[in-house]
Amino acid sequence: MRSPAFALSELERDALTEIVNIGVGRAARNLSVMIKAPVQLSVPRTELLLRSEAAKVLSGRGGAGLVSVGQKFQGPFSGQALLIFPEANSLELVRAVLGDAMDLNEIIDLEQEALAEIGNVILNGCLVVVANMLRRGLTMSLPQVNRGSGSRILDAENGSSSEPVLFLRIDFKVSARDIEGYIALLMDLPSLASLRELIRSFIDNLDGKEVEE
Amino acid sequence: MTGEMPKLGPVAFGLIDQLGLGVFLLDQDHCVLAWNTWMAEASGLPSEQVLGRTLWQVLPDLKQTRLFGAVEDALLTGASSFFSHSLNPDLLPPLQPDGQPLLLNVRVRPVDTAEGRFCLFQVDDQTGIVAREQLLRQRGDARYRAIVDTAPEAIVTTDLAGNIQWANSAVRRNFGYAPGDLVGRDIGMLLAPDASARWPRGPAAVNRKRGASLELTGRRQDGTLFDLEVSVGGWNTDRHQFLTGILRDVTARKRAESELRHLNATLETRIEERTAELRLEAAERRRAEEALLQSQKMEAVGQLTGGMAHDFNNLLQAIQACFQILGRKAKGVPDIEPLLDAGRQAVDRGASLVRQLLAFSRKQALRPETFDVRDRMLGMRGLLERAVRADIQLEIDISAGLWPVLADPVQFELAVLNLVVNARDAIASDGRIVVAARNRILDGFGAERLSGAFVEIRVTDTGSGMGPDTVRRAFEPFFTTKAVGKGTGLGLSQVYGFCQQSGGTATVESSMGAGSTVALILPRSSEVPGSEQTRASGSSEGLGARILFVEDDPVVAPVVKAALEEFGYFVVWVPTGDEALIRLKAGERVDLLFSDVVMPGHLSGVTLAREARILRPSLPVLLSTGYSEDLVSLKGFRILAKPYHVEDLAAAIEGELGRKA
Numbered sequence: 006m007r008s009p010a011f012a013l014s015e016l017e018r019d020a021l022t023e024i025v026n027i028g029v030g031r032a033a034r035n036l037s038v039m040i041k042a043p044v045q046l047s048v049p050r051t052e053l054l055l056r057s058e059a060a061k062v063l064s065g066r067g068g069a070g071l072v073s074v075g076q077k078f079q080g081p082f083s084g085q086a087l088l089i090f091p092e093a094n095s096l097e098l099v100r101a102v103l104g105d106a107m108d109l110n111e112i113i114d115l116e117q118e119a120l121a122e123i124g125n126v127i128l129n130g131c132l133v134v135v136a137n138m139l140r141r142g143l144t145m146s147l148p149q150v151n152r153g154s155g156s157r158i159l160d161a162e163n164g165s166s167s168e169p170v171l172f173l174r175i176d177f178k179v180s181a182r183d184i185e186g187y188i189a190l191l192m193d194l195p196s197l198a199s200l201r202e203l204i205r206s207f208i209d210n211l212d213g214k215e216v217e218e
Numbered sequence: 008m009t010g011e012m013p014k015l016g017p018v019a020f021g022l023i024d025q026l027g028l029g030v031f032l033l034d035q036d037h038c039v040l041a042w043n044t045w046m047a048e049a050s051g052l053p054s055e056q057v058l059g060r061t062l063w064q065v066l067p068d069l070k071q072t073r074l075f076g077a078v079e080d081a082l083l084t085g086a087s088s089f090f091s092h093s094l095n096p097d098l099l100p101p102l103q104p105d106g107q108p109l110l111l112n113v114r115v116r117p118v119d120t121a122e123g124r125f126c127l128f129q130v131d132d133q134t135g136i137v138a139r140e141q142l143l144r145q146r147g148d149a150r151y152r153a154i155v156d157t158a159p160e161a162i163v164t165t166d167l168a169g170n171i172q173w174a175n176s177a178v179r180r181n182f183g184y185a186p187g188d189l190v191g192r193d194i195g196m197l198l199a200p201d202a203s204a205r206w207p208r209g210p211a212a213v214n215r216k217r218g219a220s221l222e223l224t225g226r227r228q229d230g231t232l233f234d235l236e237v238s239v240g241g242w243n244t245d246r247h248q249f250l251t252g253i254l255r256d257v258t259a260r261k262r263a264e265s266e267l268r269h270l271n272a273t274l275e276t277r278i279e280e281r282t283a284e285l286r287l288e289a290a291e292r293r294r295a296e297e298a299l300l301q302s303q304k305m306e307a308v309g310q311l312t313g314g315m316a317h318d319f320n321n322l323l324q325a326i327q328a329c330f331q332i333l334g335r336k337a338k339g340v341p342d343i344e345p346l347l348d349a350g351r352q353a354v355d356r357g358a359s360l361v362r363q364l365l366a367f368s369r370k371q372a373l374r375p376e377t378f379d380v381r382d383r384m385l386g387m388r389g390l391l392e393r394a395v396r397a398d399i400q401l402e403i404d405i406s407a408g409l410w411p412v413l414a415d416p417v418q419f420e421l422a423v424l425n426l427v428v429n430a431r432d433a434i435a436s437d438g439r440i441v442v443a444a445r446n447r448i449l450d451g452f453g454a455e456r457l458s459g460a461f462v463e464i465r466v467t468d469t470g471s472g473m474g475p476d477t478v479r480r481a482f483e484p485f486f487t488t489k490a491v492g493k494g495t496g497l498g499l500s501q502v503y504g505f506c507q508q509s510g511g512t513a514t515v516e517s518s519m520g521a522g523s524t525v526a527l528i529l530p531r532s533s534e535v536p537g538s539e540q541t542r543a544s545g546s547s548e549g550l551g552a553r554i555l556f557v558e559d560d561p562v563v564a565p566v567v568k569a570a571l572e573e574f575g576y577f578v579v580w581v582p583t584g585d586e587a588l589i590r591l592k593a594g595e596r597v598d599l600l601f602s603d604v605v606m607p608g609h610l611s612g613v614t615l616a617r618e619a620r621i622l623r624p625s626l627p628v629l630l631s632t633g634y635s636e637d638l639v640s641l642k643g644f645r646i647l648a649k650p651y652h653v654e655d656l657a658a659a660i661e662g663e664l665g666r667k668a
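Which chain is which? The protein sequence lines are Y and Z, in order.
Heads up: the first sequence begins at 6 in the numbering used here, then just goes up one per residue.
Heads up: the second sequence begins at 8 in the numbering used here, then just goes up one per residue.
These are calculated hints, taken from the structure and not from any lab test.
This one's a predicted model, so the numbers in the text were calculated from it and none came from an experiment.
Glycine is no exception: its CB is placed at the ideal position from the N, C-alpha and C atoms.
It cannot be assumed that every hint is accurate.
[Stated by the list, open to error] Distance condition first, Cα-Cα at most 20 Å in a straight line; then the derived SDA-like pairs of lysine to any residue:
id	chain 1	residue 1	chain 2	residue 2
1	Y	K77	Z	E79
2	Z	K649	Z	I621
3	Y	K41	Z	G169
4	Y	K77	Z	K70
5	Y	K41	Z	R114
6	Y	K77	Z	K649
7	Y	K178	Z	G169
8	Y	K178	Y	G70
9	Y	K61	Y	S156
10	Y	K178	Y	R50
11	Z	K649	Z	L599
12	Y	K41	Z	D188
13	Y	K77	Z	T72
14	Y	K178	Z	A168
15	Y	K41	Z	L127
16	Z	K70	Y	V38
17	Y	K178	Y	L53
18	Y	K77	Y	K178
19	Z	K70	Z	P96
20	Y	K178	Z	D193
21	Y	K41	Z	Q71
22	Y	K178	Y	V38
23	Y	K77	Y	G142
24	Z	K70	Z	C38
25	Y	K77	Z	D119
[As the list claims (entries may be wrong)] To spell it out: a stretch of chain Y is covered by chain Z in this simulated footprint if at least three of its residues, at any positions, have a beta carbon under 8 Å from a beta carbon of chain Z; those stretches are:
id	segment
26	53-65
27	116-122
28	143-154
Modelling step: build the complete structure from the supplied sequences, incorporating the hints.
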């Protein structure tokens with residue numbers, strides 16, 4: 006954590022992780038249904054990073070190109086939800102959803118739209134759960150497909166690169182298809198205060214229920 | 008078209024009717040608030056049937072799809088959703104007039120207004136775009152498919168990570184996999200582990216040099232490994248980069264190459280072996296040739312040796328006899344004895360020198376010198392006469408004024424001897440050999456195009472002659488018409504070689520049954536030949552017993568005759584046995600017959616002696632010979648071995664006469 010001002014307490018962080026975990030769980034179920042194969046998830050990791058640092062984390066292993074499906078969300082807290090995987094997995098992911106009978110050229114033709122829809126199903130699954138649990142509405146944009154490095158995907162190549170962001174990352178893996186990637190949530194700092202409030206009330210709500218019981 | 012939705016305003020509703028895409032709007036209760044003209048026409052459902060009802064009442068099947076959740080998420084949470092035609096081919100009911108489903112992309116999103124949140128649907132028709140893309144692709148693919156589907160080689164496309172994206176049907180035959188089994192898997196499954204690492208991967212692989220082929224080890228589904236030759240090229244689509252490889256099974260070619268290599272390797276070995284054999288054979292043949300040449304030389308030298316020994320012994324005999332006579336005549340002349348002794352010693356040394364020369368002559372190289380053919384011919388006459396048989400007449404016919412020639416005299420004599428021996432062998436019985444010599448001026452003669460002054464020596468016989476084939480090959484080395492063991496076949500080739508080497512040539516003329524003529528053509532020498540020794544001649548007195556002396560040697564005969572006459576005998580000399588026999592038959596007075604054993608003509612000394620015994624049994628007979636081999640047949644006659652001292656001869660004559668007396 007860079008600064009105490011941005012800090013979430015351990016309890017708050019655990020609560021956020023739990024909320025995102027539930028959302029991603031639903032997203033993974035959606036993906037699993039689409040590709041007819043089990044999807045493994047890691048526990049979400051929460052970090053406070055500069056946008057440029059987050060981009061480095063995404064580029065991660067090797068400098069290979071990445072493909073992302075991103076959706077922006079706005080509301081009490083704002084940010085970006087991303088489904089990210091190595092470019093090499095892209096066609097395989099589309100093939101997994103469309104079926105193996107498809108010709109390579111057809112796959113290439115349909116790839117962009119298919120990726121958009123796949124990302125949309127996964128990210129909506131996650132974001133809707135998070136929004137519902139925090140009892141706040143969010144406006145979520147239509148999905149957009151991007152290719153390139155981590156900094157390009159995170160739009161971190163301009164002046165915004167030094168902005169701090171709350172970075173949540175969940176690794177996913179489809180063993181049967183040799184596909185792996187991340188689901189990432191980036192929240193802008195101005196949102197952090199209201200997010201904290203929402204988390205606190207979520208915790209209070211849980212406590213209250215517990216008390217009631 | 009519009010229900011009671013004054014809040015959106017008439018302008019907005021008018022606008023959405025003009026759009027070339029489907030638009031409709033749901034309220035919080037999922038009731039349709041707007042349904043534009045495109046939707047009405049495409050679905051066949053006019054707005055009157057739709058407006059005010061929930062979407063699920065209008066299209067009940069839709070409630071079972073993800074659309075329902077999307078509407079809820081949009082209205083309750085604010086989430087937007089996207090449905091592509093590729094993943095949702097039958098999302099909306101069949102809307103095309105021909106019953107085919109339209110290919111539609113559907114976007115669902117919340118619209119927040121002052122009146123609350125609504126759910127907006129946007130429906131894009133992709134049918135035309137997709138159809139055009141497919142048509143273009145099919146057109147482009149047709150030729151490509153014709154190639155890759157009929158190719159015997161496996162053709163595989165991977166992405167830059169090595170994931171197989173496509174494979175042609177030949178992978179089944181080459182690797183045992185169905186093309187569909189390979190898609191999505193790593194190329195490594197088709198390769199041996201070490202080969203997998205060599206498959207080009209990563210962005211650099213796209214730019215790899217075209218045409219460069221890789222030799223990799225392939226792996227079939229059953230695990231067997233085989234040799235592959237792989238050509239890989241990179242290509243791009245708008246978003247992706249791929250590598251397409253042609254994987255050629257080169258097992259057969261490799262095996263053929265390896266067999267060829269093996270064959271080549273063993274071929275070289277075999278060639279080396281054979282070369283060594285041939286080298287051995289060549290060396291063996293060379294040795295055989297040398298041995299043959301040597302034996303030919305030995306044969307010629309052997310023939311010469313006897314004759315020469317005889318000739319030289321005769322010469323030495325004559326000289327010794329001369330000294331004998333001189334000694335007797337010069338008795339009392341002061342200081343004569345030491346001179347005579349010196350002369351006699353010189354004769355002895357001469358004899359030993361001759362022996363050395365004989366041995367030495369076998370190794371003689373060609374030593375051309377100017378010599379007189381006449382002198383040489385006459386000098387070797389005796390030798391030639393001994394070489395021919397008694398039933399053959401030898402004539403020597405030498406033109407006057409013969410030029411000297413430049414050649415090796417020893418080789419010359421050998422050549423003439425060879426020719427005479429050949430001529431002798433060609434004559435079955437009773438014949439004649441003519442050795443003739445004459446001057447010739449030539450202008451472009453023969454194959455050698457000889458021009459200038461030459462001396463031609465012709466040896467002509469009356470023998471069996473040769474056919475054209477034999478004539479053509481007469482000078483070839485080893486060619487012989489003689490029986491095995493009788494000749495080396497080198498005689499005429501020696502003659503030819505000698506003449507050629509001397510700057511002349513040799514020719515042969517013959518026909519079957521008409522005899523042969525071989526001519527030696529030797530260049531004239533510009534020098535004057537060294538003069539021969541003048542021959543000594545003795546004198547006679549004619550006293551005492553009358554001796555019939557038969558001696559063919561023109562040198563020996565006069566000297567011995569003179570020596571005998573010194574002793575007081577009356578000597579009648581004849582050169583042949585025939586002549587002696589004629590005289591005996593004619594009743595000529597003879598007290599003693601003294602004859603050489605080896606003589607030309609019909610009668611040898613032995614025959615003459617026997618005939619004489621028959622004619623005159625009381626006639627004393629004394630024989631002399633330089634040879635020792637035939638002594639057995641001379642039984643009953645007194646033999647005097649050459650060279651003999653004149654005193655010994657006189658003693659033997661006296662002994663024979665005394666025995667008779």
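Hints breached by this structure = Violated hints: 2, 3, 4, 5, 6, 13, 15, 17, 18, 26; rest satisfied.
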